[in-house]
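J.: Based on the sequences and whatever the hints tell you, model everything.
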Amino acid sequence: MPPAAPRSGDAIFASVERVNAELFTLTYGAIVRQLLTDLEEVEEVNKQLDQMGYNIGIRLIDEFLAKSNVSRCVDFKETAEVIAKVGFKMFLGVTASVTNWDADGTCCSIVLDDNPLVDFVELPDTCQGLYYCNILSGVIRGALEMVSMKTEVTWIRDMLRGDDAYELQVKLLNQVPEEYPYKDDE
Amino acid sequence: MQFFGGSEISPSPSVPTTTGNNAHMIYVFNRNGVCLLYREWNRPLHTLNPQQDHKLMFGLLFSLKSLTAKMDPTSAEKGNLGVPQLPGQGCSFHSFRTNTYKLSFMETPSGIKFILVTNPRSGDLRETLMYIYNLYVEYVAKNPLYTPGTPIRCELFNTALDQYVRSIP
Chain S
1 MPPAAPRSGD AIFASVERVN AELFTLTYGA IVRQLLTDLE EVEEVNKQLD QMGYNIGIRL
61 IDEFLAKSNV SRCVDFKETA EVIAKVGFKM FLGVTASVTN WDADGTCCSI VLDDNPLVDF
121 VELPDTCQGL YYCNILSGVI RGALEMVSMK TEVTWIRDML RGDDAYELQV KLLNQVPEEY
181 PYKDDE
Chain U
1 MQFFGGSEIS PSPSVPTTTG NNAHMIYVFN RNGVCLLYRE WNRPLHTLNP QQDHKLMFGL
61 LFSLKSLTAK MDPTSAEKGN LGVPQLPGQG CSFHSFRTNT YKLSFMETPS GIKFILVTNP
121 RSGDLRETLM YIYNLYVEYV AKNPLYTPGT PIRCELFNTA LDQYVRSIP
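If you're matching them up, the sequences are chains S and U in order.
No gaps in the numbering here: position 184 of the first sequence is 184 in the numbering used here, and each next residue is one more.
No gaps in the numbering here: position 168 of the second sequence is 168 in the numbering used here, and each next residue is one more.
Calculated from the structure, these hints are not laboratory results.
One or more of the hints may lead you astray.
[To be verified] Result set (EDC-like, lysine to aspartate or glutamate): computed pairs, CA atoms no more than 20 Å apart in a straight line:
| id | chain 1 | residue 1 | chain 2 | residue 2 |
| --- | --- | --- | --- | --- |
| 1 | U | LYS142 | S | GLU63 |
| 2 | U | LYS142 | S | GLU145 |
| 3 | U | LYS55 | S | GLU178 |
| 4 | U | LYS65 | U | ASP53 |
| 5 | U | LYS142 | S | ASP50 |
| 6 | U | LYS70 | S | GLU178 |
| 7 | U | LYS55 | S | GLU179 |
| 8 | S | LYS67 | U | GLU127 |
| 9 | S | LYS67 | U | GLU138 |
| 10 | U | LYS65 | S | GLU179 |
| 11 | S | LYS89 | S | GLU78 |
| 12 | S | LYS150 | S | ASP104 |
| 13 | U | LYS70 | S | GLU179 |
[To be verified] Pair ranges (Cβ atoms, derived):
| id | chain 1 | residue 1 | chain 2 | residue 2 | range |
| --- | --- | --- | --- | --- | --- |
| 14 | U | ASN158 | S | GLU17 | 16 to 26 Å |
| 15 | S | GLN51 | U | ARG166 | 35 to 45 Å |
| 16 | S | GLU22 | U | SER167 | 33 to 43 Å |
[What the hints assert, rightly or not] Here chain S is said to cover these stretches of chain U; the calculated rule only asks that three of the stretch's residues, wherever they fall, bring their Cβ under 8 Å from a Cβ of chain S:
| id | segment |
| --- | --- |
| 17 | 24-35 |
| 18 | 109-120 |
| 19 | 125-135 |
| 20 | 140-148 |
Cβ atoms here follow ideal geometry from the backbone N, Cα and C, with glycine treated the same way.
T.: What follows is the structure, encoded as structure tokens:
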């Protein structure tokens, strides 16, 4: 029997166990709040959120691959499409779109239609440098690193800072192919 | 692919076990060659110590993957033999069978490799391996006490795996 075909984001989102959206949003808000209290520096909090996202991403990739059955993406364009259409849909239930490709095909923007993490959130004046959703950039970076792509993910537009949408820039730095890990000493 | 003879297991065909367990053993490797899991249910002959056995298995698969990718008659671009490939890129073999066992292999794009050795009459085990991958995700990837890249020490995973493997035809 040939292996099953890749599944769409909607189909998987319907079949996985889901948690209440408000619970999710409020839990995330509590985490950020606590980080701000513990670390005090907004830059430190940004870094910590990115690191947490990275740790999530390296595990999340396996769940994504197992549930969605996608085979290896041929190039970075396909990767970005899969992240936006299947990945975001499957885990957050939101659709995203990919825009702004540069000439090389190594840098693109993912625009989120809506962002469940930021419901009910307002940034006070003391936290203006905070990237509230920085965990998402860590998740994407971690997940792509486990499929041999080193990337840099930054926020271009953030509605909490006054822009009109959520836009992430994903830039592919290089692809790291697999090498034989054992040295030839035996 | 079918290879005849030349395996290190004893030449007489294995007798089906009375426990009804048709699988012999399973290996799980990550992309760095670390053996995350090795379980055996039915292995009458051990020839190497575990470290060498794991290295041999990993090396065998690495070479086989490389060979099958380079020999692919349908693919346009081919590097030289031995040039590293991205996991999942190019064609990849999924099983080989000898007169005494069948080895089924699955590699995920994230570099996790599943190897299942069963009796030679087994059919296509790709869906089985996919199911085992899902078990891995549920019990290991989502386990907060597990550090990625280290051997799996998770009782629930072992139990679920044993139970599932018992049901493979």
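J.: Has the given pair, S:LYS89 with S:GLU78, been kept, meaning a C-alpha gap of at most 20 Å?
T.: Holds - the C-alpha atoms of S:GLU78 and S:LYS89 are around 16 Å apart, at most 20 Å.
J.: For a C-alpha distance cap of 20 Å, please report whether U:LYS142 and S:GLU63 respect it.
T.: Status holds; Cα separation ~8 Å.
J.: Are the Cα atoms of U:LYS65 and S:GLU179 separated by 20 Å or less?
T.: holds (12 Å)
J.: Next pair to validate is S:LYS150 with S:ASP104; report whether the Cα-Cα distance is within 20 Å.
T.: holds (16 Å)
J.: Can you confirm whether the C-alpha distance between U:LYS70 and S:GLU179 stays at or below 20 Å?
T.: holds (16 Å)
J.: Hinted pair, alpha-carbon criterion (20 Å max): S:LYS67, U:GLU138. Please report holds or violated.
T.: holds (11 Å)
J.: For U:LYS142 and S:ASP50, compute the direct alpha-carbon distance and say whether it is at most 20 Å.
T.: holds (19 Å)
J.: Within a Cα-Cα threshold of 20 Å, do U:LYS70 and S:GLU178 meet the stated pairing?
T.: holds (15 Å)
J.: Using the C-beta atoms of U:ASN158 and S:GLU17, is the stated range 16 to 26 Å upheld?
T.: Check passed, 23 Å falls within 16 to 26 Å.
J.: 35 to 45 Å was suggested as the range; check whether the CB atoms of S:GLN51 and U:ARG166 agree with it.
T.: holds (41 Å)
J.: Checking C-beta pairs, does the segment 24-35 of chain U have three or more residues closer than 8 Å to chain S?
T.: Result for this restraint: holds, n = 3.
J.: If you draw a straight line from the CA of S:LYS67 to the CA of U:GLU127, is it 20 Å or shorter?
T.: Holds. S:LYS67 to U:GLU127 sits at ~13 Å (cutoff 20 Å).
Consistency with the previously given hints is maintained throughout, with no hint failing.
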